[in-house]
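Add chains S, G and Z to chain P, keeping to what the hints say.
Protein chains: 4
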Amino acid sequence: MSNKPRSPGRHFLQIPGPTPIPDPVLRAIDQPVIDHRGPAFQKLSKRVLEKVKAPFKTKNPVIIFPSSGTGGWEAALVNTLSPGDKVLMFETGQFASLWNTMAKSLGLKPEFIESDWRIGADPAQIKERLKADKNHEIKAVCVVHNETASGTTSPLQEIRQVLDELKHPALYFVDAVSSLASIDLRHDEWGIDVTIAGSQKGLMLPAGLGFNAISQKALEASKKSGFAKSYWSWADMLANNANGFFPYTPATNLLYGLDVALDLLEQEGYDRVFARHRRHGEATRRAVVAWGLEVLCKDPKYYSPVVTSVLLPPGHDADAFRAIALENFDISLGTGLGRVAGKVFRIGHLADTNDLTILGALSGVEMSLELAGIPHKKGGVQAAINYLAEQAKNPSHKLAAAE
Amino acid sequence: MSNKPRSPGRHFLQIPGPTPIPDPVLRAIDQPVIDHRGPAFQKLSKRVLEKVKAPFKTKNPVIIFPSSGTGGWEAALVNTLSPGDKVLMFETGQFASLWNTMAKSLGLKPEFIESDWRIGADPAQIKERLKADKNHEIKAVCVVHNETASGTTSPLQEIRQVLDELKHPALYFVDAVSSLASIDLRHDEWGIDVTIAGSQKGLMLPAGLGFNAISQKALEASKKSGFAKSYWSWADMLANNANGFFPYTPATNLLYGLDVALDLLEQEGYDRVFARHRRHGEATRRAVVAWGLEVLCKDPKYYSPVVTSVLLPPGHDADAFRAIALENFDISLGTGLGRVAGKVFRIGHLADTNDLTILGALSGVEMSLELAGIPHKKGGVQAAINYLAEQAKNPSHKLAAAE
Amino acid sequence: MSNKPRSPGRHFLQIPGPTPIPDPVLRAIDQPVIDHRGPAFQKLSKRVLEKVKAPFKTKNPVIIFPSSGTGGWEAALVNTLSPGDKVLMFETGQFASLWNTMAKSLGLKPEFIESDWRIGADPAQIKERLKADKNHEIKAVCVVHNETASGTTSPLQEIRQVLDELKHPALYFVDAVSSLASIDLRHDEWGIDVTIAGSQKGLMLPAGLGFNAISQKALEASKKSGFAKSYWSWADMLANNANGFFPYTPATNLLYGLDVALDLLEQEGYDRVFARHRRHGEATRRAVVAWGLEVLCKDPKYYSPVVTSVLLPPGHDADAFRAIALENFDISLGTGLGRVAGKVFRIGHLADTNDLTILGALSGVEMSLELAGIPHKKGGVQAAINYLAEQAKNPSHKLAAAE
Amino acid sequence: MSNKPRSPGRHFLQIPGPTPIPDPVLRAIDQPVIDHRGPAFQKLSKRVLEKVKAPFKTKNPVIIFPSSGTGGWEAALVNTLSPGDKVLMFETGQFASLWNTMAKSLGLKPEFIESDWRIGADPAQIKERLKADKNHEIKAVCVVHNETASGTTSPLQEIRQVLDELKHPALYFVDAVSSLASIDLRHDEWGIDVTIAGSQKGLMLPAGLGFNAISQKALEASKKSGFAKSYWSWADMLANNANGFFPYTPATNLLYGLDVALDLLEQEGYDRVFARHRRHGEATRRAVVAWGLEVLCKDPKYYSPVVTSVLLPPGHDADAFRAIALENFDISLGTGLGRVAGKVFRIGHLADTNDLTILGALSGVEMSLELAGIPHKKGGVQAAINYLAEQAKNPSHKLAAAE
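First to last, the sequence lines map onto chains P, S, G and Z. Its first residue numbered 1, the first sequence is counted upward by one per residue in UniProt numbering. Its first residue numbered 1, the second sequence is counted upward by one per residue in UniProt numbering. Its first residue numbered 1, the third sequence is counted upward by one per residue in UniProt numbering. Its first residue numbered 1, the fourth sequence is counted upward by one per residue in UniProt numbering.
Same shape as in the complex, but just chain P (with noise of 0.2 Å):
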């Protein structure tokens, strides 16, 4: 990291996650290694495995893998089907794709419901398919809640409606990985069966912990699993967390980082921290919108509090339009994948972030779009500042601090 010239202040991280971690977060994981089958270690893991149940909204065990949130997607899947089982999956995106690919080459039969990514999974689509499926040979609903190539948010609830309503007994798989801690969630409430979720994202940790919340119908169907399985046993991991300890060897610093970082969110107050990720959101596609460039989620319903996918204008390439930003401004903007690439950029407004960052970083997006050449008009930061200054008039977005 050194040697090389560094740019003056803070480095601005606008992507969809990694997120910039708060320091009391990154002190927390710099602190000595402690024995991992001691009883100082037993404590903390018995602590964490009990506090991280609040942002799943679960009473169910969560658990805790030392891999990044892609391992969740795996360990979901070959802990409770088997090879040949059929899921349905909705492509919301890029990362919808990835996790298609991976049941794909796991072996199971996904059934892709394809889609133009402008637009969260449609309920209305999934109940269609799951309809048509009488035999109940799709064994698994994959949804991703929060999908961090397009900037779309999927309605949970509404998808848990529909297979009640079909009295459909497939499975319900969310990844979470950009929306936990973010976007309310409900494992319990709303009958989820596997959420997954990373450290790098809401969680305000450096990745390198994958989760999976589970219910009492997931663990059930664990055991009639026909997949071979090791480091992703769900068995062996409930087993050995019962008394505070793990497996294999966990990734001790970052529990310790977990430790303050849900401590943090507990003191913000989740509804604070949904309602400041819903306001960011705003303010950005405000912002967006004033400078007469296109969001590329196309329905409300189905906008993300926590990045914004914004298409440029044909011909303009959107990683050329990044590194501009980059060197002029020392802000890192999210790339366009796939089938967007060159074509969107992302402005990430989640996790450890508030209001002056945000304006901070969409003042980077103006003066760069001004550097690139980039048509547009001039206010999309002014927007932004007369709305946030609006809310800030509303008494329950006070910061926890200043009560």
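One or more hints might be untrue.
Intra- or inter-copy, both count: the list cannot distinguish identical chains.
[To be verified] The list that follows gives simulated cross-link-like pairs (lysine-lysine, DSS-like), each with its CA atoms no further than 30 Å apart:
id, residue 1, residue 2
1, K393, K343
2, K343, K398
3, K46, K343
4, K51, K298
5, K343, K43
What the hints contain is simulated information worked out from the structure, not anything from laboratory work.
Here is chains S, G and Z on its own, set in the frame of chain P:
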């Protein structure tokens, strides 16, 4: 620090110092202590004592006290002067006034050129006083380079020219606490006898180090000084420093930090650092003007690249305004000090910062003006954006890291 | 971690891993997260992917998973083999047994050479089995280089010679989790096909990275592997790594740490590192012998330079003993695992440590033996002191820092 | 600090201060700077100013300077005395001598009771001098509680009794720089007028804070003091502190650390802390005696629980010995200062340490004696082990963390 709800995201520390510390500097300070009489420390301190000359632009020794910058003031006076000596000072603001008070407390006879805090030290008035001092009773001229309280910068080189022109033998002392490493200062070239600095501003360190850069003439004067002294004695320091040691326990961990901070400044390049500060000063003033508010410094000659003091319309309490900004947007603005208390607030734009942080900060000011019901026009941030986007087109402003 | 009384001074973490992390590595991990798709990360990961080859002594690619070392085991198996394949394993201890269990869970057919945990993998027994395998049904030979549970080291090069001699085409997999960067290992020269490692031992990092160093032969095998896989897929990793990127979010902050840890190892020099481990192993065993206790490893050929397992006299509970050591002297000793649970305790003497730390640790053991009322002779520490003082006279053991 | 080979493992910093900093304290210092005029800082400093009274056992205010402990000496003198005043000092060693020199530099008239550095301040000799001072010309008695240079501790309470007995009105100043929070000291109960301390010893912080605990009598005296002063002025400090602020920029980050360090001491319990220091002093002296070497302090009454100065046999250079220890075993031992330079080395056994670290350090001394060819007997470490194991049987020595 714990147990208290924490505002999400980065705090915006926009006071004119102490300033935000770069992470690599904080991490350097966060290192185990070493033996301050051992070879590793000796190597470190020799290196730092050499490197620290760069921001002062001096080839002479720079003395480092475990003290605040205020200690540097006292050290300059008691090492070179004698009780009863007359010194000439200019009332640029609160810090010049405090230095004046200190001089009196120590038994000196300061002649204080009073002013309204809205300009820097005026060479013409200084000239007048020195001219009248036929007997050379004035032993030192004391100037605050950048007056943090009022946001004015004094023309050091012009004042040197006054001394030269008049062939006045007075020593020339400069308080560079809030200018060093933010505004160009040339200790040797400008014939400064003692340049006083602190660690907590442009040097991007926590408070705790006071500096005296000294000239040969100051060194000569120190041999005849009539003040009793011990802690502040240059002689002991210089003798010990020659070997890489200190006469009493040095602030080891801040020296680790200084070592790194000087590298960061070198990597960015001092000229680029100075230009960055000038840009941010101009951007800030453009915002203030666009809001229809008044900059305290009334003469562009003295505009500070480091801090802008802003007058609120009569009847509006600047501290109530600052509290609103802090509670709603987690931004610390500088309080009005002394005679402008309650009338001005100050925006620091110095040290480890960048365009987007400044624009975030200005956004916080604009929104707080609205929340506080202070009459103003919108568009301050927009004015700053327009200016900074224009400046960014100048290739010489490119971030060092992007080269 | 807070609110709890803290024992004064440094904890002595003398388990055979995770190991104490050097401060510069912890501080490197305690850095803000950067964009894992941006140019700064790309530069970092290209550098790290190149540098990480050094401890493996390989010119081939090394794959880094966000996982524990256990993940490395699974990756090695599922990338190269097919369900139903036969593999040969040697029961060096608990970890060999767990790997065997994993192989079975994954659907492989491990042939497990049973042993009493008191020797390393015996080339003669391996030879016998391979010789009998006329049809080359054994597709891989799996050896734990350093068996952390029992404190034995296996002669990798001799086992390679057995394969060569018999012209047996089996792949050769080595678990180097607790040996890498502590005991010499030559992936290329010794014809290892997959070397598996983890971050939390000799590499002096927290747990969270799993490694696979792979040979050309392993790469060929991977093209025919019949396992379904996604997370562990080498192909995706290699394709992305070629550009400095990863197929899914990498554990960025551990990569910062790895970058620094590899530099520290390089600075000390691998040969010096290996010699240090051998010295500390010998010093520890001399203490054990002086106490009149028995080293679990019964054949000097297999003595581990990394960890020493010590048998307590019958009737004494090793875990009760360990609790006394922890409570009175704030030292964590390794617990006996599996079949030696309660019978042995283990002294780790690996990774970032030095003579005085080892002697402090041995002092803790000697005092705990007394407190626990375990029959023993005094003088173990003295024996270690005598040995290490003698060794220190050898100029080649001089600390790199002192040169 | 970089680019240089680093010795593996923890450095053993066994000088009598600065002392090793606990990780939670270092991490506290490694926090972003906050506004030293804002509400968060005010809360912090009010808390710290209250909590810091505990180690002094005082109900009176404690003043905290951004300075080294040496600044605390100067502050005590210039706030309470007048130029030309007579003060009585006892030559316990180098630091008493330096304080004496400072007093002279400041224009005081110290009467210095000379001694051979092998005892602490002798109440009988002090009594004799005070008795002779019929006119009460002696305005202050200055005693170094723990003389770091020679390893002697002075009987503060007895000296107080001498003053009381003689009804001598002199102020009573105690240098507690290396004793505070390591050896019991009762500012109020023992009628001390100024207790001077520094951050870098028993308080387990880096150097950079100087302390003055003051009595009502000292406060009265300060109103009549004839010294010109500014930086060290108690009056300004007390006025500002009342509100939680400081007259000039405080060393914010060290105050963060102090906040945590005081909690750690409280958690361990001061009585337990003092007992620990006494144990380690005794263990060290037993080792020295077993080696056949001589402890500089020749009267057990004055033995220091903080540091042991060890005389080498004539003809052996203590600094050459220390260099051998540093180069071979990465241990820093204290150098002989002033009149015992080259003749003694010092073993610090204070602040954040524990039995195993002390035994590791003593092992380093024993091995270095051998390497340096200094005549000695083996068995020093064994003697210390025997003593500490015996002590560990006493339940009152149990680690707080283990309760």
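Status of each hint after checking the structure:
1. K393 - K343: between (37 Å within a copy, 24 Å between copies)
2. K343 - K398: Close across copies (26 Å), not inside one copy (37 Å); limit 30 Å.
3. K46 - K343: between (46 Å within a copy, 27 Å between copies)
4. K51 - K298: Neither: 37 Å inside a chain and 46 Å across chains, both beyond 30 Å.
5. K343 - K43: between (49 Å within a copy, 25 Å between copies)
Checked against the numbered hints above, the structure violates only hint 4.
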